[in-house]
Amino acid sequence: MNSNEILSECNKIFIDQLDNDAIVLKRETTANDVEEWDSLTHIQLVVAVEKQFKVRFTTAEIQGFKNVGEMCDTIEKKLSSK
Amino acid sequence: MKKGDTYKHQFKVTAEVYKGFINVFGDKNPMHTDEGFAKEKGFPSIVMHGNILNGFISYFIGECLPQKNVMIYSQSIDFKKPVFLNEELVLHAEIEDIFESVKSAEIKFYFENSANVKVAKGKVLIGTNL
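Heads up: the sequence lines are chains S and H, in that order.
Our numbering numbers the first residue of the first sequence as 1 and each following residue consecutively.
Our numbering numbers the first residue of the second sequence as 1 and each following residue consecutively.
No wet-lab data here; the hints were simulated from the structure.
In this text, all values refer to a predicted model and were calculated from it rather than measured experimentally.
Glycine is no exception: its CB is placed at the ideal position from the N, C-alpha and C atoms.
Don't take each hint at face value.
[What the hints assert, rightly or not] Derived BS3-like pairs (lysine-lysine); straight-line CA-CA distance at most 30 Å: (1) 103/H x 77/S; (2) 12/H x 28/H; (3) 19/H x 108/H; (4) 8/H x 51/S; (5) 82/S x 66/S; (6) 81/H x 26/S; (7) 3/H x 77/S; (8) 66/S x 26/S.
[Claimed, not checked] Far from chain S, some chain H residues (derived; all Cβ distances over 12 Å): (9) 5; (10) 19; (11) 20; (12) 23; (13) 24; (14) 38; (15) 39; (16) 44; (17) 62; (18) 65; (19) 80; (20) 91; (21) 100; (22) 103; (23) 105.
Let the hints inform the model, and build the full structure from the sequences given.
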């Protein structure tokens, strides 16, 4: 699964978790771009992403992501090293 | 807390709990308050509100876990069998998964009655110090 495919899967997760069909994630998307993405939904999003891809992030990784694209890149690396 | 940890806690749907639920939330649907109606629908007596069990989950998370720094992020429950007044239930809970990145734990649970029948099951996602 490449980073674009991961982004597409993440989009589905965000739509489901945030109950907003209009969400279109781009690599540069951040929490500031999505109204429903707040501190509480952030946790639910991370948990849903970790479960979907069967990967685990570290706290440092989560805090270091500058945008959705960086998260997808990290997921790709974790999947390829499995 | 770690993955695989298990907990048990006993609850009883007392008259105080039942009446308290009705007083607070006002759900007086005849299934919960009218013996004749409940029997007509095939139950031996009035059926307790399923969401009383959600209250028990709230108590368990807030009061029975080894730490008090907890917050419920999401909760789901499936009701399998009716629960009746004065029934004693045992809550079985297990830490199913840990998400260290966001300091969260997913707990799966079920309630069992005195006949060892599962009356409800569900999951709770909590935030906590892991």
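Hint by hint, here is what the structure shows:
In summary, the hint linking residue 103/H to residue 77/S is supported, as the alpha carbons are separated by about 22 Å, within the 30 Å threshold. Among the hinted pairs, residue 12/H with residue 28/H is consistent with the structure: their alpha-carbon atoms are about 20 Å apart, no more than 30 Å. Distance hint between residue 19/H and residue 108/H is fulfilled; the C-alpha atoms sit about 28 Å from each other, no more than 30 Å. Of the supplied pair hints, the one linking residue 8/H and residue 51/S holds, its CA atoms being roughly 26 Å apart against a limit of 30 Å.
For the hint pairing residue 82/S with residue 66/S, the CA-to-CA distance comes to about 24 Å; that is within 30 Å, so the pair holds. Our distance criterion of 30 Å between C-alpha atoms is broken by residue 81/H and residue 26/S, whose separation comes to about 45 Å. For the hint linking residue 3/H to residue 77/S, the alpha-carbon distance of about 25 Å falls within 30 Å, and the restraint holds. Taking the CA atoms of residue 66/S and residue 26/S, the gap is near 13 Å; set against the 30 Å cutoff, the hint holds.
The beta carbon of residue 5/H is kept farther than 12 Å from every beta carbon of chain S, the shortest such distance being approximately 18 Å. Non-interface status of residue 19/H relative to chain S is upheld: no Cβ of that chain comes within 12 Å, the nearest being about 33 Å off. No Cβ of chain S comes within 12 Å of the Cβ of residue 20/H; the nearest lies about 28 Å off, and the non-interface call holds. Distance check for residue 23/H against chain S: the nearest CB is about 30 Å away, which clears 12 Å, and the non-interface claim stands.
Against the 12 Å criterion, residue 24/H stays outside the reach of chain S, whose nearest CB is about 25 Å from its own CB. With 12 Å as the threshold on Cβ separation, the claim that residue 38/H sits away from chain S holds: the shortest Cβ distance comes to roughly 36 Å. Its beta-carbon lying about 40 Å from the closest one in chain S, residue 39/H satisfies the requirement of being farther than 12 Å from that chain. Distance check for residue 44/H against chain S: the nearest CB is about 40 Å away, which clears 12 Å, and the non-interface claim stands.
The claim that residue 62/H lies off the interface holds: its Cβ sits roughly 18 Å from the closest Cβ of chain S, which is beyond the 12 Å cut-off. Interface exclusion of residue 65/H from chain S stands, the closest Cβ pair being 18 Å apart, more than 12 Å. Chain S leaves residue 80/H outside its interface by the beta-carbon criterion, the shortest separation being 24 Å against a cut-off of 12 Å. Residue-level check passed: residue 91/H sits 23 Å from the nearest beta carbon of chain S, beyond 12 Å.
For residue 100/H, the shortest C-beta to C-beta distance to chain S comes to about 7 Å, within the 12 Å cut-off, and the non-interface label is violated. Distance check on residue 103/H: its Cβ comes as close as 8 Å (rounded) to a Cβ of chain S, failing to clear the 12 Å threshold; non-interface status is violated. Residue-level check failed: residue 105/H sits 10 Å from the nearest beta carbon of chain S, not beyond 12 Å.
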